[in-house]
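Student: Assemble chain B onto chain A, guided by the hints.
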Amino acid sequence: MAGEIYKKPITLALMATVAILIGSVVTMAYPMLRADMHPKLETLKPFTALQLAGRDIYQREGCVGCHTQTVRPLPSEVARYGDYSKAGEFAYDHPFLWGSKRTGPDLAREGGLRPDGWHYQHYANPQALFPKSNMPSYGWLKGRPLDPAEVAAHLNALGMVHPELKADLAAVRAQLAGKDELDALVAYTQQLGHAVARRQGGVADLTLENPLAHDTQAVVLGKKLFLENCSACHGDEGQGTEGVAPSLIDDAFLGEKGDLPDGAYYALISGGSDAKPIAGRKGDPGGGMTAFGGQLKKDEIWSLITWLRNQKAHEAAEGHDVPPAEKGAKPEKPEKQEKK
Amino acid sequence: MNDYRYDNQTVQGFILSAIFWGVVGILVGLLISVQLWAPAANFAPYLTYGRLRPVHTNGLAFGLGAGVIFGLTYYIVMRLCGRPLVFPKLARVQLWIFNVAIAAAAVSLMMGYTQSNEYAELEWPLDIGVVILWVMFAVNVFATIIKRRDEQMYVSLWYIIATVIAIAVLYIVNNLSIPAGGMKSYHLFAGVNSANVEWWYGHNAVGFLFTTPFLAMFFYFMPKSLNLPLYSHRLSILAFWSLVFGYLWTGAHHLVYSPLPDWIQTLGIVFTLFLIAPSWGSVINGYYTVGADWSKMKTNYLTKFFIMAITFYGLQTVQGPTQGLRVVSQLIHYTDWVPGHVHMGTMGWVTLTACASIYYVIPKIHGTAIYSEKIANIHFWLVMVGQLLFSVTMWITGIQQGAMWKATNADGTLKYTFVETLSKNYPYWHTRTLAGVIFTVGMLFFIYNVLMTIRQGRARSAAAAAA
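So the sequences go chain by chain: A and B.
For the first sequence, position 111 matches number 111 in the working numbering, and the numbering has no gaps at all.
For the second sequence, position 100 matches number 1100 in the working numbering, and the numbering has no gaps at all.
Negatives, chain A to chain B, calculated, CB over 10 Å:
| no. | residue |
| --- | --- |
| 1 | Gly111 |
| 2 | Gly235 |
| 3 | Ala317 |
Here are some chain B residues pointing at chain A (derived, C-beta under 8 Å):
| no. | residue |
| --- | --- |
| 4 | Ala1162 |
| 5 | Lys1184 |
| 6 | Val1192 |
| 7 | Asn1196 |
| 8 | Trp1241 |
| 9 | Phe1245 |
Just so you know, these hints were derived from the structure itself, not from any lab.
Cβ atoms here follow ideal geometry from the backbone N, Cα and C, with glycine treated the same way.
Chain A on its own, in the form it takes in the complex:
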């Protein structure tokens, strides 16, 4: 290379600029002109005032430092979180909040996975639900007011590029009435991933019988698994938590064996709320029951069912939770069967 340019700073600067711009144009500027950089799923809904306020709080508190929001197309990742992330899910994300570090789990499929009540408890005291969690408490967000004027200004700023986000102050004020920062954060969390259908983890075969129904070890394992995975919402004894999740041992929920067959029970645990129609349940298919199909092995789910039926029988034997109308139908006694 000619040595002359190393005596000419302006020429050198111009050549360096060109060298820098080639890669920038090809990989950064040119893609902006392509449609595949601006995709938008038809199912994607714009942020509501409360959700955007929650996203602002998510940004402010640096949640992106520990949580990603993008599921990679890897089998283990899809099993853990759900469907992999689609480019068209992020059309309203200014900026993207995919993150670069998973100190905590990915949140791209967190929306609707659990009931609101779970999130309020978890934000306030993560260690109460997961003793080994290292997440700080965000209970201090509770009671902190939202400023409708600020949120409206934010909506209208985004409205410059997404007209559908524009909002007037009165409407924003109405939407935020009585809400605090924690409400907003929960609302934001619950809409994450809404544009993609939730995982269908249930089995369609409702005639399956629990192969571990009479297994003593399954009762022990079921109890352990219940405490690890379910008790945060359904209580240590399966009795439920007011406002979060129903009791699993009263007849209203569990019924008798004929009412909720093993196969349907399996489908509910494996597929979560989405499986309710499959299982023939009346409950809300949009409810907050997690699909455990990717996290628990088959035997583990059957063990849970064994323990829950055992628990139900146990409670019934003690005379709790047996509504008068159902007195005729005697609960099974798994205790006896276990001895076989």
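Tutor: For chain B alone, kept in the frame of chain A given last:
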């Protein structure tokens, strides 16, 4: 005869400011390392991990990094151009604005004002401050180079010119945003596009903040302090042009397996592999320069700083491209491996180069010798042990984490819940804090040595004035 006294004070002002912000950044780093294993250490909203992490990264990248770059670049430019700065007062004003801006940046981040883009967290009013600082810097650098007395420009000047241009382009484009309030804005770009612009910026902020200006320092101060000529001018030319050309293509290796179009990811990975060549061109140039006389390792205490700095640069630039490969990325991406990687570059390459350069500059400015070579040696070994313990620990836990996330049973279900994978990190996170403490103690030895050298130099000039 040139009089550098005024400009030298500016240079020293930048160095001392950088050291101050470095201490702040390192202490914040220690605190957030504790918060990862002790959530109760998130004392108040403005002292939570989420808000402090950007204080750590920005404090060190822009407080320590940019401070050192401003100060030492001015020093290098003046020497290589054979004249003082063209606008000495401008540089002094820049020093003051720099400190005010970094202080304001730290406070604003702790208050939760952030754009949420990594290394571009600062909100728009501060961005304007950063751009003003950079323009002041560019004006002085270019004016001094244009009015230089030595016709031929040495390789360090090329790297400085590229740094000034690239940072300006990167910073301005990625900070384009829609203002939504006094301290709030939204990235102009959305979703995948936002991600692509951010990592085009994010990767090249590393390239043009932590690589090119430090290569300029390395290629100036290493031959100077060892009194050895640069091994190959031709190799510098090759390495320089291929580095500044290749770097800008690589941002997408941060987005492997994300919804970003595959062709951009692949292009990013390919150019990342290509970058091994120019990086190792500099490594070879460094080794062969010292190779002219390896006895310098014994006779000059700074040799080991420079040799280990370029060694870590070499390791970093092989590890980085390896991580970009899809098969490696799927195991270690999002794990603690990544902070292990980053800290080899920052605590190894950047810190060792900066410290060695400062050890050279401060005595030169004061016409004295280093206060204590022995303390410098203690500093070196503590920093080495701290850095290696940090990085190796994080690599191990990163691989473990990645493997546990991926582990499935025969029927395709997962072996571990997320909390199980997290709970296995605690011993490594404890060790990381220990590593950070060792590193910090090492840096305290460095600071003591620098301050005592300045004091010694002032005593000498006072004595000379009295005589």
